[in-house]
Amino acid sequence: MSVTKETIAKILIEIIEDLTQDWGVDLDESISEKTQLVNDLDFASVDIIQLFVAIEQHYDKKIGFQDLLMKDGSYVSDLSIMQITDFVNNKL
Amino acid sequence: MTTRTLFIGMDGATFSILDDLTKGDDDHKPVMPFLASLYKNGTRSILRSTPNPLTPPAWVSLMTGRTPGNHGIYDFIRAEEHGDDVFFTLYDSRDCNAETIWSIASRQGKRVAALNFPFTAPPPKNLNGFMIPGFIPWRHLRLNTKPKDFYDQLKTELPDFNPKQLAWDFEQEKEAVNKLSDEDRENWVRYHLPREKQWFRIADYLLRAESPDLMAVMFDGVDKLQHQAWLFLDPTLQTEEVGEYHQRMRKLCLDYFRQLDGFIEKLVTEAGPDVQVFMASDHGFTTTFEVVRINAYLHERGYLHWKTMPETEAAKRREDSMFANLDWNKTTAYCRTPSSNGITIRVADKPGKTGIKPDEYDSFRDQLIRDLKDLRDPVSGERIITEVHKREDVFSGPAMKEAPDLLMVLRDFGFVSIKNKQPVVEAREEVAGTHHPDGVFFAFGPGIKQDAKIKPCNIEDVGATLLYSMGLDVPSDMEGLVPEAMFTKSHLAENPVRIGAVTHSNSKDAESESMAEDEKEKLMEQLKLLGYME
Numbered sequence: 010m011s012v013t014k015e016t017i018a019k020i021l022i023e024i025i026e027d028l029t030q031d032w033g034v035d036l037d038e039s040i041s042e043k044t045q046l047v048n049d050l051d052f053a054s055v056d057i058i059q060l061f062v063a064i065e066q067h068y069d070k071k072i073g074f075q076d077l078l079m080k081d082g083s084y085v086s087d088l089s090i091m092q093i094t095d096f097v098n099n100k101l
Numbered sequence: 075m076t077t078r079t080l081f082i083g084m085d086g087a088t089f090s091i092l093d094d095l096t097k098g099d100d101d102h103k104p105v106m107p108f109l110a111s112l113y114k115n116g117t118r119s120i121l122r123s124t125p126n127p128l129t130p131p132a133w134v135s136l137m138t139g140r141t142p143g144n145h146g147i148y149d150f151i152r153a154e155e156h157g158d159d160v161f162f163t164l165y166d167s168r169d170c171n172a173e174t175i176w177s178i179a180s181r182q183g184k185r186v187a188a189l190n191f192p193f194t195a196p197p198p199k200n201l202n203g204f205m206i207p208g209f210i211p212w213r214h215l216r217l218n219t220k221p222k223d224f225y226d227q228l229k230t231e232l233p234d235f236n237p238k239q240l241a242w243d244f245e246q247e248k249e250a251v252n253k254l255s256d257e258d259r260e261n262w263v264r265y266h267l268p269r270e271k272q273w274f275r276i277a278d279y280l281l282r283a284e285s286p287d288l289m290a291v292m293f294d295g296v297d298k299l300q301h302q303a304w305l306f307l308d309p310t311l312q313t314e315e316v317g318e319y320h321q322r323m324r325k326l327c328l329d330y331f332r333q334l335d336g337f338i339e340k341l342v343t344e345a346g347p348d349v350q351v352f353m354a355s356d357h358g359f360t361t362t363f364e365v366v367r368i369n370a371y372l373h374e375r376g377y378l379h380w381k382t383m384p385e386t387e388a389a390k391r392r393e394d395s396m397f398a399n400l401d402w403n404k405t406t407a408y409c410r411t412p413s414s415n416g417i418t419i420r421v422a423d424k425p426g427k428t429g430i431k432p433d434e435y436d437s438f439r440d441q442l443i444r445d446l447k448d449l450r451d452p453v454s455g456e457r458i459i460t461e462v463h464k465r466e467d468v469f470s471g472p473a474m475k476e477a478p479d480l481l482m483v484l485r486d487f488g489f490v491s492i493k494n495k496q497p498v499v500e501a502r503e504e505v506a507g508t509h510h511p512d513g514v515f516f517a518f519g520p521g522i523k524q525d526a527k528i529k530p531c532n533i534e535d536v537g538a539t540l541l542y543s544m545g546l547d548v549p550s551d552m553e554g555l556v557p558e559a560m561f562t563k564s565h566l567a568e569n570p571v572r573i574g575a576v577t578h579s580n581s582k583d584a585e586s587e588s589m590a591e592d593e594k595e596k597l598m599e600q601l602k603l604l605g606y607m608e
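Protein chains in written order, with the numbering used here: chain A, 10 to 101; chain B, 75 to 608.
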């Protein structure tokens, strides 16, 4: 069964909703593909690492998010759910 | 269903402290009267830790019955050389090559509960029971708790359940590191009293509501207090002429152990008279009195070359970051992390790569060992590094290649510093607590000898013993052995130790991600606070 980007985005949103449900983050609108982890959800770097672990656990597969985190030798400052979706889609 | 086996972990618990706290006299009751009763009514032994007596390898050895060369967990962080820097990756449960007792028991139909054990996140997929991992921030407890609804169940069932209080508080630890005034140190000790209470309440709830076959909970405040407040705890450091602050701190520390004793008593009582109780620590504790700057020494001996940094704020931050900042074109041997107490030799695996040639490895390493043994106290002439182990002697197994090439033991058992600072060896302004290889192992209950002290056990033996206590076979590939001297003859006759099928492999289905810079800093701050850093 092929996995579509829409399915991946839906799963990622579910994982993130589950992860952040009691963090006390005020959101203007519900979590969507446009949502940014740091800016909108107050993610710290440890939270991003844990999210990636959760995604890998869900797919039971090593995804290797290092390429997503690193751009030109530096760590990216933020990631949107859409960016993660695209990355996961390419890796699955 | 009734609980058959209760395991209480006490991170860093050591006989030099517990013996003192379980003693009483005509004028004073012991601080830990219930533990004192377990001394009389049970069996105890020294528990030899892993070759580097450190939380990650030691607890994983306890949980798997395997040595680090087999399970592959050596440190909090795994370092990898990339280009002109060393990158650091957090270890998690998926990096462990060996099956844990939680999985072994689960797949044989036993229900287990494991609370606050490090490197149990993410929990095993086949877990039959309950798990809340230790050593992770509160925000991630929900996702790493099993079963999935257990976290919310606790919120409902335990009105005082507070995940922020329960988990490692990164910010509090960061603050404490930045200041560490007398007041902060006092607050640091105070912080662990309610924290341990949270873990106790969950364990108590599970015992009452679920009665798992194996109930296991770990209290890590023992280690944290001893790192920061050793001066107030070690009986050999107590005198009549101490100030008001010292007295207050000692009282506070004793309050912690008094509370812990109460938790142990309540859990043992709640578990009932038929339960076998085991308690163990991952390592012991002792006094560290000096700082040993091992990378500075390797520099003196020509193995290590510091990177020349510009006079900028960013460069200064990098220098202060605690990570070795080295010239990789010239460095042939260095220590990656203070907690490793290890030396990594850089071998050029391909032509053009930096490092020594592979065929020079043995002679290079022998010379390095001689140089390490040559580091001596300038006054007494005593060796500062009392033992230097080759990795094949202490970390043999399929995961040996991930271990440092050499493991050092310092004369005071301290952890090395990797800072670019002089002098190489310097007395501490104030002594502190550090890990000692001898931890503790207690057993109590039906079938266990009373008032017995048996010869030292190995930390891998605890995993085997817990499986045996549950009535399970000990897997034939488990290195740990059941210490039969702990049990009565009649119990052994009725319940002989059975060696069974090998463990299931723990496949690595994913890898942790490299840590971001600020996360490295946070972790290093924690390690510093715990005494692994200068």
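Read the hints as simulated data drawn from the structure, not as lab findings.
Cβ atoms here follow ideal geometry from the backbone N, Cα and C, with glycine treated the same way.
Just to be clear, a hint being listed does not mean it is correct.
Restraint ranges, calculated between C-beta atoms of paired labels, are given here [unchecked claim]:
(1) B:I573 with A:D95: 27 to 37 Å
(2) A:Q45 with B:E257: 47 to 57 Å
(3) A:V34 with B:D525: 51 to 61 Å
(4) B:K447 with A:E23: 56 to 66 Å
(5) A:N98 with B:K222: 18 to 28 Å
(6) B:H320 with A:E23: 52 to 62 Å
(7) B:T310 with A:Q45: 52 to 62 Å
Status of each hint after checking the structure:
no., hint, in the structure
1, B:I573 with A:D95: 27 to 37 Å, "violated, 51 Å"
2, A:Q45 with B:E257: 47 to 57 Å, "violated, 39 Å"
3, A:V34 with B:D525: 51 to 61 Å, "holds, 56 Å"
4, B:K447 with A:E23: 56 to 66 Å, "holds, 58 Å"
5, A:N98 with B:K222: 18 to 28 Å, "holds, 26 Å"
6, B:H320 with A:E23: 52 to 62 Å, "holds, 54 Å"
7, B:T310 with A:Q45: 52 to 62 Å, "holds, 55 Å"
Hint compliance for this structure: hints 1, 2 are broken, all remaining hints hold.
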